[in-house]
Amino acid sequence: MNEWIWTYEGYDPDQAGQREALCTLGNGYVASRGALPECDADDTHYPGTYIAGVFNRLTTEVAGRDVVNESIVNAPNWLPLAVRPAGGEWFTPDSTEVLEHCLDLDIRRGELTRRTRMRDSQGRVLSLTQRRFISLRDPHLLALESTIVAENFEGSLEVRSALDGRVTNFGVERYRSLDSDNLEHVCSTGDGEVIRLEVRTNDSGVAIAEAARTRVRRGGQHIDPARTTEASDRYVEQLIRLDCTAGEELIVEKVVAVHTSKDLGIYSASVASDEAVRNAGTFDELLARHVTTWAHAWNRSGLRLAGDVGHTARVLNLHLFHLLQTVSKNATELDVGVPARGLHGEAYRGHIFWDELFIFPYLTIRVPEITRALLRYRARRLDRARQVAREAGFEGALYPWQSGSDGREETQTLHLNPESGHWLPDASHLQRHINAAVVVNVWRYWQATGDLAFLRFWGAEMILEIARFWASAATYNHALDRYEIKGVMGPDEYHEGYPDRDEPGLDNNAYTNVMAVWCLCRAFDVLEVLPASRRRELEEKLGITREEMDRWDDISNKMRLCFHGDRILSQFEGYEQLEELDWDAYRERYGNIGRLDRILEAEGDSPNRYKLSKQADTLMLFYVLSASELVEIWDRLGYDRDDDFFARNIEYYESRTSHGSTLSQMVHSWLHSRLDRAKSWSLFRDTLASDINDVQGGTTAEGIHLGAMAGTVDLVQRCYGGVEAREDVLYLNPRLPAELHELSFSVIYRGQPVDIEVSATDIGIHLPADSGNGSAVALEVTGQFALLEPGDTLRVPLD
9 MNEWIWTYEG
19 YDPDQAGQRE
29 ALCTLGNGYV
39 ASRGALPECD
49 ADDTHYPGTY
59 IAGVFNRLTT
69 EVAGRDVVNE
79 SIVNAPNWLP
89 LAVRPAGGEW
99 FTPDSTEVLE
109 HCLDLDIRRG
119 ELTRRTRMRD
129 SQGRVLSLTQ
139 RRFISLRDPH
149 LLALESTIVA
159 ENFEGSLEVR
169 SALDGRVTNF
179 GVERYRSLDS
189 DNLEHVCSTG
199 DGEVIRLEVR
209 TNDSGVAIAE
219 AARTRVRRGG
229 QHIDPARTTE
239 ASDRYVEQLI
249 RLDCTAGEEL
259 IVEKVVAVHT
269 SKDLGIYSAS
279 VASDEAVRNA
289 GTFDELLARH
299 VTTWAHAWNR
309 SGLRLAGDVG
319 HTARVLNLHL
329 FHLLQTVSKN
339 ATELDVGVPA
349 RGLHGEAYRG
359 HIFWDELFIF
369 PYLTIRVPEI
379 TRALLRYRAR
389 RLDRARQVAR
399 EAGFEGALYP
409 WQSGSDGREE
419 TQTLHLNPES
429 GHWLPDASHL
439 QRHINAAVVV
449 NVWRYWQATG
459 DLAFLRFWGA
469 EMILEIARFW
479 ASAATYNHAL
489 DRYEIKGVMG
499 PDEYHEGYPD
509 RDEPGLDNNA
519 YTNVMAVWCL
529 CRAFDVLEVL
539 PASRRRELEE
549 KLGITREEMD
559 RWDDISNKMR
569 LCFHGDRILS
579 QFEGYEQLEE
589 LDWDAYRERY
599 GNIGRLDRIL
609 EAEGDSPNRY
619 KLSKQADTLM
629 LFYVLSASEL
639 VEIWDRLGYD
649 RDDDFFARNI
659 EYYESRTSHG
669 STLSQMVHSW
679 LHSRLDRAKS
689 WSLFRDTLAS
699 DINDVQGGTT
709 AEGIHLGAMA
719 GTVDLVQRCY
729 GGVEAREDVL
739 YLNPRLPAEL
749 HELSFSVIYR
759 GQPVDIEVSA
769 TDIGIHLPAD
779 SGNGSAVALE
789 VTGQFALLEP
799 GDTLRVPLD
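For the sequence shown, the positions run 9 to 807 when the numbering used here is used.
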């Protein structure tokens, strides 16, 4: 293996699901798992294809209740291509003897190569080499090239090239008892080299049309073999007959176009796909365009590391690859959010959570256009967020914990605990802190880009309506002269309520309350930033009064926080009354205790009884907010703090965290970069292993963890690199771990590229003169202020 190629040797059915997820190829519009083209979906293989933003809603009766779930749709499988001796058995790794098998994922080129040698029951050996890509340049085109060699036999071969719409959403075992058939037949046809399939989602009514062109070459020349086309409901195939001699190469080229009725600038999905595939170039021509586009993406987005970090650099490149192919520039023309598990599988049903909080920071200072487009997914759903707030009894806007097609709350009312087999009530919709994540993302985008147009037309209204929500969620406690927010869940997710209460929800969650104050403060800031005319327009449109703003100010100065012990910021009110868990006993009994909530419920117990966390909750404050922002809020609220407050709280909560989320160790790594860089590096390396080692025991096969992947890349850039955009200044305060000797990268700040090189001894900053908008950049480098013009270079020694 090298820095850019991930190689998987040997055929291992037990590893197939994980490899399929990690070998997923995509382009921001569509993605397909790295399944073998000759294999149908079963308990080993899962050739899922997902189109960004295509959802469908199905209803299932569970425990006497109708449960409605909206899911990203497994689109028709475009891959099917199988080979057999005429009239014989199809060569597949499960029905023949596998002599050799290897997968090479080239992340620099966005190309997956498969090499397999198989022997059938009659001793015939077939060599199959396949290359595939999903075009980053032409987002509707997908291509598969198969080089077939009959090593020790001759005669007639049959090649089956198909489009299969009989697929269901079958990729997550715990969902399989729920209805999962999302597609209905529209048409299936074929003529000449082209076959066509059109289906429609059976509730949302989205048409999906695929067209496949299959060509054959022998000795470098195109040939016109005999073909038979057969079509049925949701399926169409071509059977191609070829004569072969032993050792001869036959090359089958399959180019596929996919469109949906949601696409812009087309007459219909079926017409667009048919025209695209007929006009497409050859496999090699399309590949060359695709590879060039990937080179441009890497030039814009790469990180360069030096030190004893070879493995680290490889994994970071893999993480960045999956990020860039999930939210590429092709997504800027779409109405889509960022699925927490990428377009790599069906876990979390393709929903959008708070993971943008971990994904956007890297994009915002690299390719801000992508962040802008993805933020508009939230902006378009502001009216729905207002409706969600009203339905929950609040004012303003409340974004749902799980969002899909139209922004309604998609969190299921029941969820299955696979440890116990029980269907349990799900209260995670009470994670109101999703609203804070939206404001953070909007405000950080504004700080990094200075994009006043976005703030004027979309961002400001979102911030103001979320501020209005927080104000309506806060109730005044006369006895304490403090405001409180009750009945919520924090990021922890283990605690859904109190052990002695029937109704779900917690009171005065520290993260929620502090972030509510931060959001209210940003509402005042955004009104100051806006031109006076736009400010008046929004105040009139939203009916914002002086009295309402006075209440916002009062809440932001009097929000209640709870403390216990040695000035420990309580995760929520009453946290100190919970029992301590015997962590050693549970580790000894179960080994992996990442999902303690499931373990405890299976034992007839509840995590609500204990001081434990699935992931950073209170500590998220130290991840999301800068030290100066935290000091400002603490002073605003009038709470005491000391120099050890930060370290003391980290130590307390870290010892009570199971790291049951892939995000957790990444956040803790960030926090330790200020305290213990060796520990930070160790936690960072653990996070890197999340998907490549499938540390959560089977979850990677259901979809990669995009927040953790993006978060590790962002950690290197913003945390170890020390980059922060705030208050019209680009701050640089690097803190490299000992293992990382040098780090270099480029960011875009307010439209101006900034090249940054960090070593153990100094930091260099250069503003290219021939790119960007030509504006100067205000910098503060380890406390020293500088104003750099394009063409300037600054070098500052580090202590």
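One or more hints might be untrue.
In silico SDA-like links for lysine to any residue, alpha-carbon gap of 25 Å or less [stated by the list, open to error]:
1. K549 <-> S480
2. K687 <-> D648
3. K566 <-> D510
4. K494 <-> E584
5. K337 <-> D271
6. K270 <-> R308
7. K494 <-> I601
8. K549 <-> E659
9. K494 <-> E417
10. K494 <-> K270
11. K337 <-> H319
12. K619 <-> R568
13. K494 <-> Y647
14. K549 <-> R394
15. K619 <-> R597
16. K619 <-> G599
17. K337 <-> G780
18. K619 <-> R644
19. K549 <-> R559
20. K619 <-> K549
21. K619 <-> R559
22. K619 <-> I601
23. K566 <-> D694
24. K687 <-> Y647
25. K270 <-> L460
26. K337 <-> E119
27. K494 <-> Y631
28. K549 <-> F462
29. K270 <-> R223
30. K494 <-> S428
31. K549 <-> E492
32. K494 <-> R597
33. K270 <-> L66
34. K566 <-> F465
35. K566 <-> Y484
36. K494 <-> D561
Quick list of simulated restraints, FRET-style, between CB atoms [as the list claims (entries may be wrong)]:
37. G551 <-> W591: 21 to 27 Å
38. R226 <-> I13: 25 to 31 Å
39. R184 <-> D292: 38 to 44 Å
40. R509 <-> G612: 47 to 53 Å
Simulated from the structure, these hints should not be mistaken for laboratory data. Just so we're clear, the structure is a prediction, and the values are computed from it rather than from any experiment. Note that beta-carbon positions come from the ideal geometry of N, C-alpha and C, so glycine has one too.
Hint-by-hint comparison with the structure:
no. : hint                      : in the structure
1   : K549 <-> S480             : holds (19 Å)
2   : K687 <-> D648             : violated (28 Å)
3   : K566 <-> D510             : violated (29 Å)
4   : K494 <-> E584             : holds (17 Å)
5   : K337 <-> D271             : holds (15 Å)
6   : K270 <-> R308             : violated (29 Å)
7   : K494 <-> I601             : violated (29 Å)
8   : K549 <-> E659             : violated (47 Å)
9   : K494 <-> E417             : holds (20 Å)
10  : K494 <-> K270             : violated (40 Å)
11  : K337 <-> H319             : violated (28 Å)
12  : K619 <-> R568             : holds (21 Å)
13  : K494 <-> Y647             : holds (20 Å)
14  : K549 <-> R394             : holds (14 Å)
15  : K619 <-> R597             : holds (19 Å)
16  : K619 <-> G599             : holds (19 Å)
17  : K337 <-> G780             : holds (18 Å)
18  : K619 <-> R644             : violated (29 Å)
19  : K549 <-> R559             : holds (19 Å)
20  : K619 <-> K549             : violated (45 Å)
21  : K619 <-> R559             : violated (34 Å)
22  : K619 <-> I601             : holds (15 Å)
23  : K566 <-> D694             : violated (39 Å)
24  : K687 <-> Y647             : violated (30 Å)
25  : K270 <-> L460             : violated (29 Å)
26  : K337 <-> E119             : holds (18 Å)
27  : K494 <-> Y631             : holds (23 Å)
28  : K549 <-> F462             : holds (18 Å)
29  : K270 <-> R223             : violated (30 Å)
30  : K494 <-> S428             : violated (30 Å)
31  : K549 <-> E492             : violated (28 Å)
32  : K494 <-> R597             : violated (36 Å)
33  : K270 <-> L66              : holds (20 Å)
34  : K566 <-> F465             : violated (31 Å)
35  : K566 <-> Y484             : holds (9 Å)
36  : K494 <-> D561             : holds (19 Å)
37  : G551 <-> W591: 21 to 27 Å : violated (52 Å)
38  : R226 <-> I13: 25 to 31 Å  : holds (30 Å)
39  : R184 <-> D292: 38 to 44 Å : holds (41 Å)
40  : R509 <-> G612: 47 to 53 Å : violated (18 Å)
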